[in-house]
Amino acid sequence: MKSSFKAAILFVLIAVTGYLAFYYAPIERSMGVIQKIFYLHISCAFSAFVAFGTCFYANLRYVFTREAKSDWLGVSAAEVGLAFITVVLVTGPIWAHPVWGIWWTWDARLTLTFVLGLLYLSYLLLRSMIEEPDKRALFSALFGIFAFLDVPLVYFSIRWWRTQHPQPVILGGPGSGLEPRMRVSYLLMWGALTGVLILLVSARYRLEALRASVEDLRREAEVR
Amino acid sequence: MAVLADTTVLLGKELRTEFRSRELLTTTVVFILVVVVLFSFTFDPSAGESRRFGPGLLWLSFLFAASLMLQPCFLREQNNDTLSALRLSVRDPFSIFLAKLSANTLFLLLTEVLMLPVFAILYNVHILGVFLQLVLVLFLGSLGVAIPGTAFSAISAQARMRELMLPLLLLPLLTPVLIASTEATRALLDANPVLRADWLGFLAGFDVVFLTALWLFGEYLLEE
Amino acid sequence: MTAPPFTPTGIRFANIEKRFGSLYALRRVSLEVRPGELVAFAGRNGSGKTTLLRIAARLVRASSGSLSFPGPSGETTDSASRTGFVAHATMVYDELTAEENLLLFARLQGIGDPGARAGALLGEVELSERRKSLVRTFSRGMRQRVAIARALLNEPAVLLLDEPATGLDPQGITWLAHTLSRMRVEGRTVLMSVHGESAISALATRAVRLDAGSVVADTMAGSDMRAILSFANA
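Taken in sequence, the protein lines are chains S, E and D.
The numbering of the first sequence is the numbering used here, which starts it at 1 and goes up by one.
The numbering of the second sequence is the numbering used here, which starts it at 1 and goes up by one.
The numbering of the third sequence is the numbering used here, which starts it at 1 and goes up by one.
One should not assume that every hint holds.
Below are the SDA-like pairs computed for lysine to any residue, each with C-alpha atoms no more than 25 Å apart in a straight line [claimed, not checked]: (1) S/Lys135 to E/Glu163; (2) S/Lys6 to S/Leu199; (3) S/Lys6 to S/Val87; (4) D/Lys132 to E/Glu14; (5) S/Lys36 to S/Leu89; (6) S/Lys135 to E/Glu18; (7) S/Lys69 to S/Val50; (8) S/Lys6 to S/Tyr205; (9) S/Lys135 to S/Arg206; (10) S/Lys69 to S/Ser213; (11) S/Lys135 to S/Ala68; (12) S/Lys69 to D/Ser64; (13) S/Lys135 to E/Arg76; (14) S/Lys69 to D/Thr50; (15) S/Lys135 to E/Leu75; (16) S/Lys69 to D/Asn45; (17) S/Lys69 to D/Tyr24; (18) S/Lys135 to S/Leu149; (19) D/Lys132 to E/Glu18; (20) D/Lys132 to E/Arg76; (21) S/Lys69 to S/Leu207; (22) S/Lys135 to E/Thr8; (23) S/Lys135 to D/Thr76; (24) S/Lys69 to E/Glu223; (25) D/Lys132 to E/Thr8; (26) S/Lys69 to E/Glu224; (27) S/Lys69 to D/Arg27; (28) S/Lys69 to D/Ser63; (29) S/Lys135 to E/Phe94; (30) S/Lys135 to E/Leu171; (31) S/Lys135 to D/Thr50; (32) D/Lys132 to D/Thr76; (33) S/Lys135 to D/Asn45; (34) S/Lys69 to E/Glu219.
Label pairs and their in silico Cβ distance ranges [claimed, not checked]: (35) D/Thr7 to E/Leu110: 46 to 52 Å; (36) S/Glu131 to E/Trp215: 27 to 33 Å; (37) E/Ala191 to S/His97: 36 to 42 Å; (38) E/Ser46 to S/Val90: 37 to 43 Å; (39) S/Arg211 to D/Ser68: 31 to 37 Å; (40) D/Met220 to S/Glu222: 31 to 37 Å.
Don't read these hints as lab results, they were simulated from the structure.
Glycine is no exception: its CB is placed at the ideal position from the N, C-alpha and C atoms.
So here's chain S without its partners, still in its complex pose (with noise of 0.2 Å):
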């Protein structure tokens, strides 16, 4: 099936996902419309730890087997999880101002984010800075392992720290507990973001492919 298909069918999901969050699911009591935006936050986020959990299983693949594809795969889904890192951190805010009357708030999921983009924003950084292939892959990947073991520390310690400090009272976790209809339009959205996903990292995973087939001629000629 050609990308621009699929492309085709995402964007058709996301527009009915779209339609069925603001109206098949019901307006929420307390927040009211701006809780929409939630739809987009949470899977954003969902997705984005998918991308990152490929990019720690092509870490881990690519020490072990030193295969240029696990490396390709990596850069990939580290550079698409930022986009959708990105995505969470710009409506975080929008949705935290009208209801909390602040921009940011240093609440545990969402300074995760935050970190978390910090430290995959590091990796890309590296990358760029090693210029011998397998060298950059081997020790972007070495520090990919690092940071992605670093995750769960995070959460847990920013967790522990914000529960002594007063904060404002965030929804209860998501999931729990939530009107059927809202729980539809959360699940299709995810899996269509999911979608986007998989397509954006198939597609910047057949680009490196292609720089990699590119660098060899060049190199090949440069022989000859």
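Fit chains E and D to the supplied structure of chain S, relying on the hints for placement.
Same frame as chain S, now just chains E and D:
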């Protein structure tokens, strides 16, 4: 245990070279001193304010100092290709890391303990009654800085702009260490000092997680 | 000095390839070095000599192909601890004394009496008087002697040298030539890269020429060897 025997020999080498020149120790002490003094101009360092902000800026200055101090750790080994000589000689490459991170922890701890009285005087906080407890916090925190710091020093030694890369790789990852160490220090500097076993336990957990990761992946960090 | 017993060991490179990214440093290098041979590698800078030696020392991982260390009758031996390596860099610490350097590596290699071994080697490389001086204060030639002494600590069955004559004074070259010929007599295997003809390359029993990562000439005949070695800088 071959690893421990090699580690002891290598630790002896690290300590001997450092105490012969004292380059790292002196520059780090001066760096922390400068930061601690400069920070005191950013707020009114009365006892109450210092208890609120002091621990955080103390740890922040330790973290920045460490990210500079750890820089030459593997770079030094590149000068004469001595890292290759070590790799050819040791029975388990983990001993190279174990020796280096022990030395780095010791250097950090030394400079921190040296700076504690200066901090106490400048910021008007009492440390005499809780000195040993503070050293315990400093030890667990410094270990948490030194373990990933030593690993990343091997990574940044391979990159361009390595002086900037190490802080960029290391500091976001150290978020949990910063939070836990700051909270534990704050509790000890309080008017009613408490030893926060939960944060100390958390720091110990952090140390164990990354020590295990280093044990598993250390040999790949040394590849050329 | 009585050498501890060692198993004569050769080296077998089978289809060794090394790519740096997509740049080939070595292309399908296959070479069988029998125990006791003294092989000189010639070739331009960047022809792959250094990479081949570093792969033999297991410092660099080959992209593909295999490396093994066959014994006298062809069986594979585990000679991991019995190789010595002299690189371009000295591989010793400038901030330590000559003696401290040798003691450090002798201890790491688990050598029985590190002090005695280090002392004996320092005598051999004629640095006994300067053994308490920091390597930083040494001349290039003296550093190279410490470097070679370090590689000999474990009495290697296979010795790998990357342009060992670099920086050595005439006296040092004589000493190195003497050491290498003694190793040949003892049945140890030596692989070295050379830069032009010298008293060192004259000891070789076999000459191999590398060009752009491939073996282009390999001979044991005296006249051909001279041609390969003198051609080194061409």
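*Could you check the structure against the hints above and give me the numbers of any it violates, in ascending order?*
Structure breaks hints 6, 14, 16, 22, 23 and 32.
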